[in-house]
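Using the sequences and the hints, build the whole thing.
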Amino acid sequence: MALSLVAYIREFARWEWARKFLAARTAPLVIPPYFRNYPELTGKTCTHHLFCMMACPAPGAIDVIRTPEGWQPRIHIGHCIRCGLCVEACPNGVLSSGRILESMFRDNTRLSFSFKIDVDLDKCMGCGNCAVACPVNKLIDAQMSHGGRASTDDLLLKLSDGKCRVLHVEKCTGCKTCEHHCPNEAISVARLLEAVHAPEEEP
Amino acid sequence: MKRTVDVSIPVGPVHPCWKEPARVKCETRGEYVVSAEVELGYMKKGIERIMKGRPWQEVMFLAERVCGICSVIHNMVFIEALEHISGIEVPRRAALLRVIVNELDRMQSHILANFSYCYTIEHETLAMYLLDVREKVMDQLERITGARVTCAYIVPGGVRFDLRPEDGQALRQSLSAIEQEITRYTDMFSSGPLIAFRSKGIGILTKEAAREAYAVGPTARASGLGDIDRRLRHPTYQSLGFSPVVRTEGDNYARIMVRFQEIVQSIGLIRKCLDELPEGPIRGGGIPGAGEIVYSGEAPRGELSYFVKTDSAGRVLEISIQTPSIMNIEACCHYMLKGVSSLADVTSTFVSSDPCIACTER
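Heads up: the sequence lines are chains A and B, in that order.
Under my numbering, think of the first position of the first sequence as 1, with each following residue one higher.
Under my numbering, think of the first position of the second sequence as 1001, with each following residue one higher.
For the record, the hints were derived by calculation from the structure and aren't laboratory data.
We put the CB at the ideal spot given by N, CA and C, even for glycine.
Treat the hints with care, since some could be wrong.
[Stated by the list, open to error] Some but not every residue of chain A turned toward chain B, in silico, with C-beta under 8 Å:
hint	residue
1	S4
2	Y8
3	R10
4	P32
5	R36
6	I81
7	I117
8	R165
9	L193
10	E194
11	A195
12	H197
[To be verified] Listed next, with one range per pair, are the computed distances between beta-carbon atoms:
hint	chain 1	residue 1	chain 2	residue 2	range
13	A	E40	B	S1035	52 to 60 Å
14	B	I1009	A	A24	43 to 51 Å
15	A	A23	B	G1201	33 to 41 Å
16	A	D63	B	S1191	56 to 64 Å
17	A	I140	B	S1239	48 to 56 Å
18	B	Y1214	A	L41	47 to 55 Å
19	A	R10	B	I1009	49 to 57 Å
Structure follows, in structure tokens:
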């Protein structure tokens, strides 16, 4: 009996086990650098293109707000699903998340936006609200009359023959103001996202 | 003399061995199961309804969230369906990177399925060992894609991030560690006498029954149906010389062993991809256009098909998803569970067919 007790103590009362038991420490949890976390600001100047908001798949996850320093994207944690599309869509590298921004420069990849305006001519009643409300039109021809008619053809949208015509779709910024101002739901703007490799350099 | 009574015993919907809720109603004579019926519908998400009318960049993330375990294949099948609609070509490097990520996802899904089976037959040691290996696979997924579960890696025309040389190196090292451990655990599983007692000859699905019940995936491959593997029709897998793992026993043991063998096979496929990986672009560009298609791919649990109809702006007008688990659950309840001689084997047989209820009910 006594012998077995000694054998038991010799087996289990090992100094290194006792030391491990008393001094065991779990390694601290670290977030690896490649983990795609919530996007953070890099400090670069936001140019208010709003591509981050257009690319975002989660409703209400990102807003671009005006601060005393200028425009600034703000991520709403809890809505954000950490997909990182806003980081890839931003033309200026304002946001960064994990290694995404680094990878974009390294692999020369980005998401590019193009816009497509569809006008349903059967529904369009030629009120010209879209052409008047369009902020791009306002920059080109501030004197546009309330019916959407103008003398220049440089405009994005213009009314001719009583119907809305899309003249220069490449000028569209995807703001959807025309869509909101159409009383008849005749105009719709589609935001087309394209994942491209080796894009043209910004001038 | 012992009297046997006919009783109807419900198993579930909440059961400690099951990851997700489902109810199996067993008609029993004593402990012998005469017939079984399954009741689903405890966790309907209505995700297909949410997808309608949204552009592809939103649906891509919703598709991943159909299933939390096999999210990569949902992304892959949806995006490849869009590519087939619009005729978008994928560069070779991107196609191989897709296979790498998909096979890593398949590995972690199979390891989780085997964990769950070992846990159900009360072999917790092996179960915990398997979960430990799964972490290594998940770490590699995170290293390549930036996230562990919802990777969001595949976009029309390519993939989102390139594989860096140092990541490829880490992946190779990790793969050899995983292969070593998986081989050891496969030996433990195949040579364990108690495991054999709980697994061999239980829940048999014959080849004819598997064909009749339209069983898919590892469940069908364990019953000798190899030609149902959709990877045989995928051009990238064809170029890699893929041939499916087939076993003929059709019992619980065979289903788990098929998964173990497929994990080793996936390791081989990933190594082959890494060897063949050419230099070049990872994105070909291309905007999804209008059209409709039924496209299927091989999820870890079997054939996954998407019906997608899009308009000219890449918005999804109609979508319908058929996931593999529903066929396997039917095969399990109507064929495997019939004749199971003990109620303790009902849970393990159900788990061995790897039911994913979140997929099934979407």
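Notebook entry, point to check: Among the hints numbered above, which are violated by the structure, and what are their numbers in rising order?
Noted result: 1, 2, 3, 7, 8, 15
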